[in-house]
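Colleague: Here's the letter readout for the chains.
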Amino acid sequence: MGFVEVEAVKKIFYGEKKEVVALDNLYLTVNEGEFLCIVGPTGCGKTSLLRLIAGLEKPSAGKILIADKMVDGISRDVTLVFQQYSLFPWRNVLNNVAFGLEMKGMQKSERYDYARGLIELMGLTGFENAYPYELSGGMQQRIAIARALAYNSKVLLLDEPFGALDERTRHRLQEQLLEIWEREKKTIIFVTHNIDEAIFLATRVLIMRDRPGRIEKEVKVNLKKPRDRRSREFLQLHIKIREILETILTESGGNNV
Amino acid sequence: MKTVLLGLIIPILILIVWEYFAVKVDNTSLLPRVEAVFDRLAHPFTNLLDTGSFVHHILVSATRVLLGFLLAVIIGVPLGLLVGRILLFHRLFSPIIEILRPLCPIAWIPFAMAIFKTYTIADIFGLHYTTNIFGQIQLGMLFVIFYGGFFPIFLNTVHGVKSVKSLYIESALLLGANQRDIFKKIILPSSAPAILTGLRVGLGISWMVIIAAEMLPGSDAGIGYLIMFSYELAEMDILIASMILIGAVGAVLSYGVKVIADRTGRWQARER
Chain U
6 MGFVEVEAVK
16 KIFYGEKKEV
26 VALDNLYLTV
36 NEGEFLCIVG
46 PTGCGKTSLL
56 RLIAGLEKPS
66 AGKILIADKM
76 VDGISRDVTL
86 VFQQYSLFPW
96 RNVLNNVAFG
106 LEMKGMQKSE
116 RYDYARGLIE
126 LMGLTGFENA
136 YPYELSGGMQ
146 QRIAIARALA
156 YNSKVLLLDE
166 PFGALDERTR
176 HRLQEQLLEI
186 WEREKKTIIF
196 VTHNIDEAIF
206 LATRVLIMRD
216 RPGRIEKEVK
226 VNLKKPRDRR
236 SREFLQLHIK
246 IREILETILT
256 ESGGNNV
Chain E
33 MKTVLLGLII
43 PILILIVWEY
53 FAVKVDNTSL
63 LPRVEAVFDR
73 LAHPFTNLLD
83 TGSFVHHILV
93 SATRVLLGFL
103 LAVIIGVPLG
113 LLVGRILLFH
123 RLFSPIIEIL
133 RPLCPIAWIP
143 FAMAIFKTYT
153 IADIFGLHYT
163 TNIFGQIQLG
173 MLFVIFYGGF
183 FPIFLNTVHG
193 VKSVKSLYIE
203 SALLLGANQR
213 DIFKKIILPS
223 SAPAILTGLR
233 VGLGISWMVI
243 IAAEMLPGSD
253 AGIGYLIMFS
263 YELAEMDILI
273 ASMILIGAVG
283 AVLSYGVKVI
293 ADRTGRWQAR
303 ER
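Read top to bottom, the protein sequences are chains U and E.
Residues 6 to 262 in my numbering are what the first sequence spells out, letter by letter.
Residues 33 to 304 in my numbering are what the second sequence spells out, letter by letter.
Calculated directly from the structure, the hints in this document are not laboratory data.
These figures come from a predicted structure and were not determined experimentally.
Hints are supplied without guarantee of correctness; some may be wrong.
[To be verified] Cβ-to-Cβ under 7 Å is the rule here; a few derived chain U residues that face chain E:
#1 F40
#2 P94
#3 N100
#4 W186
[To be verified] Have a look at the derived ranges for each label pair, beta carbon to beta carbon:
#5 T296/E / E62/U: 29 to 37 Å
#6 F18/U / M33/E: 41 to 49 Å
#7 E130/E / N36/U: 32 to 40 Å
#8 S126/E / E62/U: 45 to 53 Å
Yeah, the Cβ is synthetic: ideal placement off N, Cα and C, and Gly gets one too.
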């Protein structure tokens, strides 16, 4: 029994004229403390899957369990970092990071201390009083991750958090995220369309197919850390995953990864 | 500095054209000289036409406006929050709002006067034995100011609440917020800039409406009343000075709300 169990989940979206089966008969098991990456073509339902696990949406059929408890709406056990910049623009960095602690009713001085620690962890000390509009995209996503970490849920979901960033920034944030994961022993589910990113981060990469969305293949990543993106093993995994994705695309007649 | 100077060019041109025609017409009951008007403005505490000073009339008008405006805020903002957030309220209020909205507040003035007659706040609270400003706050005027201020406040609040990004609400829910937190910590701050825009527009309209209301019979104070009275006595210098004051007070009111709005909405101006 894994820590996160997705069992025979189906998700139908009802449009005006037709219904779209976003996910069908999807099974997924994530172990405690695992760093799972999910890759797949655009529109394969990666984001829908995360929203279901987060409790933002309800499955049309099947069930989701976290720590043996049925997911029924939003809970303390999970939080999600969105692909879009989601910091509250009317709050400064410190008050954004402390938001979850404020909701828990933690005292002001205590939650500020805690938030400052996380801001430091993200290498953004000195920006406590800055507002989101004063920060670059990379900084905003780091603060969004700090905000999610402050909430200290058992499962952390990340939906292409580095998708909009340039390569150098992305690589640096990937390294930071790995450090945090190793230190905090979190269970992470990370969605990306970047194969390289998935191999660099994951203990296991799941490849999803579209129409309808479900898990097609699983690739274990047993490379030592720090992982060298130019090593033969890394590149072999990259080619392997790319071939699986290309097969999916040819079968479904899609045209973009 | 340069922008200030540029902004002064047109007003100075107007003054020159005005002075030119005033000298040419040479009839103070038609078009007084610039100096005559500014001389009036330079003595704001002088009793005019036995009705009171500029300061007195402005204070009467401003008190009417602020009370009526306050009423519009107290009702407009909470109602806007409810209508923007709760579908039942939206369905309940939308049709009547759409019917009443195009109805100009000035069209209500005769109606309000017929209904409320010359009743004042002093009448209601039994403050008759003292002569104070409340004897000058007619209910009909309050109603019309309220009506003028209400719609911009209400509609901007609804708009502000409806434009709160679901991304922020979902983020907050995923960080442990309950519905009360969502309202207090997300909906309110997120729609604050729109609400303040509504307050600014609403205050501007209230100020315009009061002038119109005071021009009608039944009033014996206020800057609008002074305009009509000086017109009847052909005191054009007082009339024009009053108009300048109305513009100036309106600009100050608008600027005051803008300063508050800019501070609250600092984040929104820069957000892309």
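Colleague: Each hint: holds or not?
Modeller: Here's how the hints hold up against the structure:
1. F40: Violated, because the Cβ-Cβ distance from F40/U to chain E comes to roughly 20 Å (cut-off 7 Å).
2. P94: holds (4 Å)
3. N100: Result: violated, 10 Å to nearest chain E Cβ.
4. W186: violated (19 Å)
5. T296/E / E62/U: 29 to 37 Å: holds (34 Å)
6. F18/U / M33/E: 41 to 49 Å: Given about 59 Å between the Cβ atoms, the range is violated.
7. E130/E / N36/U: 32 to 40 Å: Given a distance of about 57 Å, which is not inside 32 to 40 Å, the answer is violated.
8. S126/E / E62/U: 45 to 53 Å: At 29 Å between Cβs, range violated.
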